[in-house]
Amino acid sequence: MGKTTEMKDHHEPTDRSADPGLSEATRSDSAPSDSGRRAFMGVAAGVTAAVVAPGVVLHSVTAAPRSEAVTGDVRWGLLIDTAKCVDGCSACVDACDRENGLSLQSKPASASQEHWDDQKAVWIRKVKLQDNQTGRVTNLPLMCQHCEHPPCVDVCPTGASFKRADGIVMVDRHTCIGCRYCMMACPYKARSFIHEVMEEQLTRVPRGKGCVESCNLCVHRRDFGEDSTACVDACREAGHEAIVFGDLKDPESNIRKHLAEMASRQIREDLSLNTGVRYSGI
Amino acid sequence: MAKAAVRAGLVAVGLAWVLLAQVVLAADAKTYVLEGSKAAALESCVEPTDVMRRKHMELIKHQRDETVHGGIRSSKHSLAGCVECHIRSDAERVPQPIHHKEEFCGACHAFTAVNLNCFDCHASVPKGPGAERAAHAAFQAVGVDRSVQARPDGEDH
Numbered sequence: 001m002g003k004t005t006e007m008k009d010h011h012e013p014t015d016r017s018a019d020p021g022l023s024e025a026t027r028s029d030s031a032p033s034d035s036g037r038r039a040f041m042g043v044a045a046g047v048t049a050a051v052v053a054p055g056v057v058l059h060s061v062t063a064a065p066r067s068e069a070v071t072g073d074v075r076w077g078l079l080i081d082t083a084k085c086v087d088g089c090s091a092c093v094d095a096c097d098r099e100n101g102l103s104l105q106s107k108p109a110s111a112s113q114e115h116w117d118d119q120k121a122v123w124i125r126k127v128k129l130q131d132n133q134t135g136r137v138t139n140l141p142l143m144c145q146h147c148e149h150p151p152c153v154d155v156c157p158t159g160a161s162f163k164r165a166d167g168i169v170m171v172d173r174h175t176c177i178g179c180r181y182c183m184m185a186c187p188y189k190a191r192s193f194i195h196e197v198m199e200e201q202l203t204r205v206p207r208g209k210g211c212v213e214s215c216n217l218c219v220h221r222r223d224f225g226e227d228s229t230a231c232v233d234a235c236r237e238a239g240h241e242a243i244v245f246g247d248l249k250d251p252e253s254n255i256r257k258h259l260a261e262m263a264s265r266q267i268r269e270d271l272s273l274n275t276g277v278r279y280s281g282i
Numbered sequence: 001m002a003k004a005a006v007r008a009g010l011v012a013v014g015l016a017w018v019l020l021a022q023v024v025l026a027a028d029a030k031t032y033v034l035e036g037s038k039a040a041a042l043e044s045c046v047e048p049t050d051v052m053r054r055k056h057m058e059l060i061k062h063q064r065d066e067t068v069h070g071g072i073r074s075s076k077h078s079l080a081g082c083v084e085c086h087i088r089s090d091a092e093r094v095p096q097p098i099h100h101k102e103e104f105c106g107a108c109h110a111f112t113a114v115n116l117n118c119f120d121c122h123a124s125v126p127k128g129p130g131a132e133r134a135a136h137a138a139f140q141a142v143g144v145d146r147s148v149q150a151r152p153d154g155e156d157h
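Protein sequences, first through last, are from chains H and G.
Following my numbering, the numbering of the first sequence begins with 1 at its first residue and continues without gaps.
Following my numbering, the numbering of the second sequence begins with 1 at its first residue and continues without gaps.
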């Protein structure tokens, strides 16, 4: 219950309008005895579903490239079940590297392997946590958390670091000057800098020297109407199904159903960033 | 009086030369569309040729904001579409990077001495699965059959 109240605190001031479904759920949790209010919530949820559902159906049917600008009707997010995340597995990281052309980076001849491991761009890091008192070990993939209030956007002097209307936090490389303030501001160490001239890029993921980048929830897949990310697909193929992707604003979405069932937390929820990536089991 | 007439005559001859030179230059104007690219088989680009020559950078610049911030990928002004259509392959069917000096973008930019930065970050050859999707969208947006094939003789140009 303590967790629920905490989560509610983070949602209450900002989310009532921006993220109605999620805060609605937490609120109805915190007042289970109030049946009249609950009934009203039920009706409200039904009405929301009725309004949202046709749009959702439309989205999943059209696999054509996007022709109208993204809106705030959706907010993309991930839910990661750390209990299912396996020690030593790097399926999501490898898939991300292939999907986003990170595997095309090459080590400069002058750099040592150790230096290169620190410097090369990485979008997902596998993190292993150990509770020193109990010895319990937790594995999790850590990527851009797609905050509702991203510190990287706050500090960007050029507006290159921005949050897209559908909740994806990304970098507009056309205006990025490579100052790396955002890398310093990010509490999750989620951003990477491209230090060297790139020769090999994928058409779908431009990349060049002097710009910062991070996970963009496979934005090209979003824009071409696909319904998952590379890491989610890879995790499923590896048989773990630890990552769920979906629309945090759609009460009928898979991710919302999972969020309603299992306890989940944000990393550094004390910062009130309302992250789009949630973790359970931590 | 005779002096004035001579001067007028010289001016007239000079003007005539300038006009002639313009006409000759125009007739001789080089097309940078390369044989062996899809573009060589098409009547014109996504806009009339004169518009493309003067304004392609503005079209792309405008489009980049709509794509990055709005996620719009169905435009006919996509850079991936430019590359897909204008790319030329060598005899071994290896696509040649489009910003190289002999290729479509690189040749004209070298001639006009204008720095070309697009391909510092963007792929200079169609690369990776789905690379053709943006190009197909561009073909659809201008109503051209997407299955258009490169015509080696390039006789339209």
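It is worth saying that the hints were derived from the structure and are not from the lab.
All of these numbers come straight from a predicted model, not from anything done at the bench.
Watch out, some of these pointers could steer you wrong.
[As the list claims (entries may be wrong)] Cut-off 25 Å, straight-line C-alpha distance, at most; resulting in silico cross-link-like pairs (DSS-like, lysine-lysine): (1) G:Lys-3 with H:Lys-209; (2) H:Lys-209 with G:Lys-101; (3) H:Lys-107 with G:Lys-127.
Evaluation of the provided hints:
no. : hint                     : in the structure
1   : G:Lys-3 with H:Lys-209   : violated (66 Å)
2   : H:Lys-209 with G:Lys-101 : holds (21 Å)
3   : H:Lys-107 with G:Lys-127 : holds (21 Å)
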